[in-house]
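Participant: What follows is the residue order along each chain.
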Amino acid sequence: MIGKPLRRVEDLPLLLGTGRFAADISLPGQAHLRVVRSPVPHGMLRGVDGRKALSMPGVIGVWSAADLDLGPIGFRMVAFPGMLPYRQPVLAAERVRYVGEPVAIVLADDPYRAEDAADLVELDIESLPPVLDQLQEPAQFDDQNDTEALLHEDGYGDVGAAFAAAPHVVELTVTVGRHTGVPLECRGALADYRPGAGTLDFYGAAKVPHQNRLLLAGLLGLPPQLVVLREAHVGGGFGVRGEVYPEDVLVCWASRLLGRPVKWIEDRNEHLLAANHSRDQVHRIRAAVLADGYITAIDDEFWLDQGAYVRTHAAAVPTLTASMLPGPYQIPAYRVRGHVRLTNKTPAGTYRAPGRYEGTFARERLIDAVASSLGKPAMEIRLSNFISPDQMPYARPMSALGTDLEYDSGDYALLVGKAQARFGLAELEHGLAARRALGEAVGMGCAFFVEKSGLGPYEAVRISVDQSGHIDIITGAGSMGQGFETVITQICAQELGVRPETIRVLHGQTDQIEHAMGAFASRLTVMAGSATLIAAQALREKALAAAARMLEASPRDLELSDGAVRVAGDPDTGISLAQISEALRPDQAARWGLEPSLTADGWHTTDHMCYPYGLHIAVVRVDAGTGQVIAERLLVAYDVGRAVNPMLVEGQIVGGAAQGLGGALLEEFRYDDAGHPQCTTFMDYLLPTRAEMPPVDVLITEDAPSPRNPLGVKGAGEGGTTAMGAAIAAAIDAALGVPLGVKELPVHPEAALRLAKAARRESTSEPGGA
Amino acid sequence: MRQNVLRPGLLVDINDLPLNRVEDLPEGGLRIGALARMSDVAQAAGVVQRFPVISQALLLGASAQLRNMASMGGNLCQRVRCSYFRDATSPCNKRDPGSGCAALDGFNRGHAILGTSDKCIATHPSDVAVALVAMDAVVHTRGPADDRAIPIEEFFLLPGDTPEREHPLEHGELIVAIEVPATPTARLSIYLKFRDRESYEFALVSVAAAVRIQDGAIADVRLALGGVGTKPWRARRAEASLVGKLAGEASFAEAAGQELAAAKPRPLNAFKVELAQRAIIRALMTLTNGDTR
Ligand SMILES: Cc1cc2nc3c(=O)[nH]c(=O)nc-3n(C[C@H](O)[C@H](O)[C@H](O)COP(=O)(O)OP(=O)(O)OC[C@H]3O[C@@H](n4cnc5c(N)ncnc54)[C@H](O)[C@@H]3O)c2cc1C
Ligand code: SF4
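Chains as they are written, first to last, in our numbering: chain A, 1 to 770; chain B, 1 to 293.
Careful, some of the hints might be misleading.
One side only, chain A facing chain B, incomplete, derived with CB under 10 Å [stated by the list, open to error]: (1) 267; (2) 290; (3) 538; (4) 623; (5) 677; (6) 686; (7) 695; (8) 697; (9) 739.
Calculated directly from the structure, the hints in this document are not laboratory data.
Glycine included, each C-beta is placed from N, C-alpha and C at the ideal position.
Take the sequences, apply the hints, and build the full model.
Facilitator: So this is what it looks like as structure tokens:
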């Protein structure tokens, strides 16, 4: 079962049209909330006048910050105390800081009436000049603080000495634009506070319900057990969906105020203004290089445009950027300084491969720069700097997401070799050279990366078998469409020898299990998968113990297969899990000295992450007339340790690659000089479509299983995205024959055209030839 | 309406009017009803065979879902995509005459370089209108007083000092049909569209082109540009330059250069000047079996 491409068990309701997404859930008597948002990027809020809105039919009320008694939204991840002043208030009180910032709410008996009324709420805002560039010197944020929310410094080794001694120093400034994950389903929330009972039910949760329960309960002053978060179907997450945003708090607050359910469903325009943006980093990076290409030190300084506030991810992106930047290379000395600067744009958070897409772009462009300055092939530079398998586990004296950075396993050169053979890279390059000779601008680019996955510290699973033999697996972690239920089903089915159809995976309900972390950081197959294996092993022990009583045999002589316990070598003695479950009634269990019910809990805890790795290869053609970049092929080789379901790993990689390509060529949140967002619909925020997305060849290897979990697995959620920007950039350089031409993502046609022209000038001014 | 750009007091649904036919006219022309859906027009045999440029322009516009719903009259009258026009809080002369034009010094990468005024530089967004302009179509209207036949070039107004006025329709006047006269040249015609993404995206530059070659020389040529003008842009200067010349890259480039000489680019859309010239050359090369790359 493990290792098989089992079809997704969660698809049936979706195919039958019986899926239930946030907007599908309604409760009797619900009111509808609409957020009034700031139309200006920066200003002092002098007044909110809701009188006109209140006179509209169906309007229940209009509330602004003055009516709220709630603190700012707290941090969920790695935080530093210095970041506290930058948390986002639930509603802007004195100052608005980005277009789209919630300023007031309107509640009405119907969503359309709420929206119409929200348009009539008058805001008196005195505009202030906006800050729009993270490279600009920090400006004033408030009376006490400037706009640099964090200067994150880290590193190890003697960087100064390495640069002083280096025969070559290679330096580069590169930029990754502002883009983000855009799930198909926008956000949505339905809060149901029951006066009297004092309970709050929250529908529309995703990703990290247990953690959000703590945040919401804390903000509202409720005991966490009385707050229940419920996850429905989730139409994509990508890091963006499922954090606590102002709207989540507002529905809860309003439901408690009104004593009736309150629903809010986000539209796409709001989503592009209000949900987390991401990326947007500028790196100035230098390498100290020996004559043979060995890099003795990297020195990187980067500037991250955090937008208007620091949201729940706190310092997760800058610290990940810093710690993961050295990637697969040894780098004996490393220094990094990351400036997290606030601007008047939508706040930023994590997006698939956060910090790694950016850091990998900076580092792999640096490798390409080293290669071109030494006149060597880039892959040779990579191979001579790789951490070698005998150095594993490889500790870098830094930390990532609160864990010590210690790579668990990996053979990077082996993967390069396998990819070269499997994809026929030499012949591919040969063919491209022939096409270039005929005048086509085609080229191939590569980039290598290390991912992190399986973030701890824990995940829990409870398995229970009912009297019919049906199995429920309960976990608090979220499922956002990635195939989580299927993977968990496979692991359990294998361990218990049962058919997948008998298993149901329940997830994301905070009242079903006490502890959970959630679905992020490519962690679930590692963490919840391992917990499932451990719980299934415990359940097997319990089944054998009970069956031993029933068969009057020793547990040692029993075996569990095909959903039944048998005396080894005696196929006629089978007792099914259903019979065992029935037998484990409290009275009988007590007689046997066993805990009642055929249930078992499993925990997986860890202090370390596991580190998968991969090679991305892009083949592109540049239209020399228009500057359009056409991706012809994408190739991904990825070592996942062990693939529980190779089909799902491949699906993750292909989807991730599409997002990596989007960020490299199309997706960008642009702002004009006045701070007005220019990309607030899908007409302006360009996602790749079927037409831009070439076929992706995927090679999955299992050469470096993780020693850190019982399955040997590593995560697969982000490895399709990480190096795609770097690989496409290198491919464009190769197509145009300009080493290190691309320093900025996304590569718009204008930029490609400029490069093409530069290349032509270069080649015509070259002496000799004929 | 959704973005508060328009707040009409009254909406009239015209979808039940019997204006959705695509008819072949006796001499080889077309009469397209104002309510004919974009997808139906694109597939009509007469359009595909005699006016490939119109069919292609339709199929390269919007998305399949939109084309199934959108009407030809609506397409001609669609409002500009200027983001300031659609952001009810920005100054915009088109939405709010006299308030100024935020695009002049704003984010104007998509804006026009031809036919602009200091009041408005928004690009006309339609694709099919570009093909219709190249084909000398006529817009037939019916108003409270009378019926009118407006040559399509006059149907689109330059912004000048009154960008709020985009076409000469009077209050209560409706487009009923679009007539395309028989044009033998149109059999060899093409619509090329350049954009940031391959589908569901407006043009940065587009070209509607048709040529008839006789004895190696250009006997008749039609050229119109989209994505660069404040109205669908008939490239008359280029046409005049081409007639009688030998077909070839040199004459195409010269004509393209003449047409774009009048361009008034801004820093963010300056690339369109060159892109438009290359697009014209590529369209003509393709039609005359030259190099298509
Ligand atoms: C996301 C998106 C992408 C698009 N991409 C493209 C593209 O690439 N290329 C392209 O060409 N178009 C594109 N469009 C435009 C689309 O084709 C138009 O929205 C459509 O043509 C409008 O047609 P409609 O029938 O819906 O008009 P409506 O929206 O109903 O009408 C538009 C306007 O015309 C008026 N009107 C409609 N019919 C008549 C009539 N008979 N007489 C007088 N006035 C009339 C209406 O009052 C209204 O003011 C896109 C639209 C969207 C939303
Ligand atoms: S270009 Fe035209 S539509 Fe755009 S802001 Fe200026 S006046 Fe308005």
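Participant: Does each hint hold? Answer for all of them.
Facilitator: Verification of the hints:
1. 267: Hint on residue 267(A): holds, closest Cβ of chain B at ~9 Å, below 10 Å.
2. 290: Violated: closest Cβ of chain B sits about 42 Å from residue 290(A), beyond 10 Å.
3. 538: Residue 538(A) check fails; min Cβ-Cβ to chain B is 52 Å, beyond 10 Å.
4. 623: holds (8 Å)
5. 677: Since the shortest Cβ distance to chain B is 9 Å, the answer is holds.
6. 686: holds (5 Å)
7. 695: Since chain B brings no Cβ nearer than about 15 Å to residue 695(A), farther than 10 Å, the hint is violated.
8. 697: Since chain B brings no Cβ nearer than about 21 Å to residue 697(A), farther than 10 Å, the hint is violated.
9. 739: Result: violated, 24 Å to nearest chain B Cβ.
The structure fails to meet hints 2, 3, 7, 8, 9 from the earlier list, while all remaining hints are met.
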